[in-house]
Amino acid sequence: MAKSFQNFSILTSIVTLSVLMFSQGMLDTAHAEEYDFVAGIHNEVTFHFRNGIETVNFPVFSTTSDIVSNIGSSFEVEGVVGNNPYLHKALDEAYLYRMSTLSGGNSFEYNYRYFDVDVNIVQNENVLKSFKYDNCEISGYSVSTLTDDYESYLASDTGFAIVNNIQFRCGGVGINLDSDKSSLNSESRSFTDYGPLPFKLAEDVRTFLTFEFDHGSEKIESVIFTLTSGFSEANDAGPSFQIITAVLPHPLIDNAIDKSQKVSGMASTFNEDFDVSVEFTNSQETLRGLDFQDCIVSGYDILTLRDKEEGYTGKRGFATAEILDVTCSGLAPVNPAFDKLSDAKESRSSQMSNTYTTNSYNMGTGPHVIATFDFDSGTEVVDFPEFYQGNMIARANPTFTLVGVPGSTPLLYHVVDNTQGSGPKSTGVSSNVELFDVNLVLAYGNDVVRGFDYTKCRVVDYIVRTEHDADESFYKGFALTDEFYFECQGYEPFNPKYDELFETSHAKTESSSSWKEKQRDAWGPGFR
1 MAKSFQNFSI
11 LTSIVTLSVL
21 MFSQGMLDTA
31 HAEEYDFVAG
41 IHNEVTFHFR
51 NGIETVNFPV
61 FSTTSDIVSN
71 IGSSFEVEGV
81 VGNNPYLHKA
91 LDEAYLYRMS
101 TLSGGNSFEY
111 NYRYFDVDVN
121 IVQNENVLKS
131 FKYDNCEISG
141 YSVSTLTDDY
151 ESYLASDTGF
161 AIVNNIQFRC
171 GGVGINLDSD
181 KSSLNSESRS
191 FTDYGPLPFK
201 LAEDVRTFLT
211 FEFDHGSEKI
221 ESVIFTLTSG
231 FSEANDAGPS
241 FQIITAVLPH
251 PLIDNAIDKS
261 QKVSGMASTF
271 NEDFDVSVEF
281 TNSQETLRGL
291 DFQDCIVSGY
301 DILTLRDKEE
311 GYTGKRGFAT
321 AEILDVTCSG
331 LAPVNPAFDK
341 LSDAKESRSS
351 QMSNTYTTNS
361 YNMGTGPHVI
371 ATFDFDSGTE
381 VVDFPEFYQG
391 NMIARANPTF
401 TLVGVPGSTP
411 LLYHVVDNTQ
421 GSGPKSTGVS
431 SNVELFDVNL
441 VLAYGNDVVR
451 GFDYTKCRVV
461 DYIVRTEHDA
471 DESFYKGFAL
481 TDEFYFECQG
491 YEPFNPKYDE
501 LFETSHAKTE
511 SSSSWKEKQR
521 DAWGPGFR
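In this note's numbering, the protein residues as written are 1 to 528.
This list has only true hints and no planted wrong ones.
The calculated lysine-lysine pairs, modelled on DSBU-like cross-linking and capped at a C-alpha distance of 30 Å, are: (1) 132 x 262; (2) 259 x 132; (3) 340 x 219; (4) 476 x 200; (5) 497 x 456; (6) 200 x 308; (7) 315 x 476; (8) 219 x 259; (9) 308 x 132; (10) 262 x 219; (11) 476 x 219; (12) 132 x 219; (13) 340 x 456; (14) 340 x 200; (15) 89 x 132.
FYI, nobody ran anything at the bench for these hints, they're computed from the structure.
With the sequences and hints as input, model every part of the structure.
Right under this line is the structure:
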């Protein structure tokens, strides 16, 4: 009997230990390896409650307030409803005491109201980035079902996902940079090239950025790049850009992020500025460049990209990325193809000319858009895959937009860069801005079906942007594009097919007068 009691005590201890381990999150059923994470990068979120610690591998973690800005700290997580007793207890008490917290504010407390949260972004058990949120509380909570509409009921490769979505509001957030200190403390000026990322891009045109700091430089690739300001005619804001790329440790860049966060909102301290050289390249050459001067980190966020239920059902996955906003004081565009054309022009003493071959994109059953630019420096012919015409019925100057992959328009780049150098115009058109004509035709091969002649045009804005589709682009690819915005003073459409209807056809038979004249020519001299 004593032996049986002893065995029962041992069994009870094992069960008790298992329950404790389970309540601590050590037996969390939502394992990271259940899902497809881009590059194997996933999130581990650890909650430090008063009654215990619980770790949950949420597939979705996104900041909802800028980490750098001085406007509070908040974030949200999303994942399937799992076995997380401490977190669910905190959710239940947040609902139970919701009226008291709304009326009593911060003075009202209960056991699970405030807690700390550690967020680790992990790859192959290595922590890439770590964030420590202090004094957090639950600010929102819902359970929802993610679906693909009717396809969830019919298609075998999709389905349903019942998920928690939880929002948190915190007193502050810190970025853990302990692993990055070695390169910062080095006496020699370092340069690190992190190389290309393993993602597909249209025409293999990639974006590489070299960040130049006082104590070193780092070169990275960003799969998503957006030029947010710098060329707009109507905007006098300084040049700025945003990148979205894989969450990877870059010690010098991370230190600049940390510095910007620490000085945010403090008028008595100054930030550390740096330069950034942006290159748009393919495997053979640099197609275009943007050199930014005197920059600071103006924003930093973490975002998990996913498409509804697809990541949870295995049709697709999750992509955790970091968003970096950079604001600068100066911008110098780089146009290497124009420099080559200029050298060739000097050797033959003629105008420059650039004709881009027809694009190979699938245009469906529609035509190609061929644009012919008549600049002071020469003529440029480009086949753009995207064309947008403004409302021609409106009482305003004609406008249109052309979009394509960088690299095919050196003469147009030259005009854009000169416009950027002339600065913003509040009224009218600056005399320094070159006006040019543009002939646009919509054609099937050599058969032109429609056309537009624009006269006295100028570039009013220029944006470089990566087109992408949430997480799907990490599997299928990205497309870096140039967007050119034009405004013109004149416009004349032409309709060649309509004109052909009224072309006069000439008969091939001879008239009587022609016949008589021909007969006279055949007569001998005595008969004329």
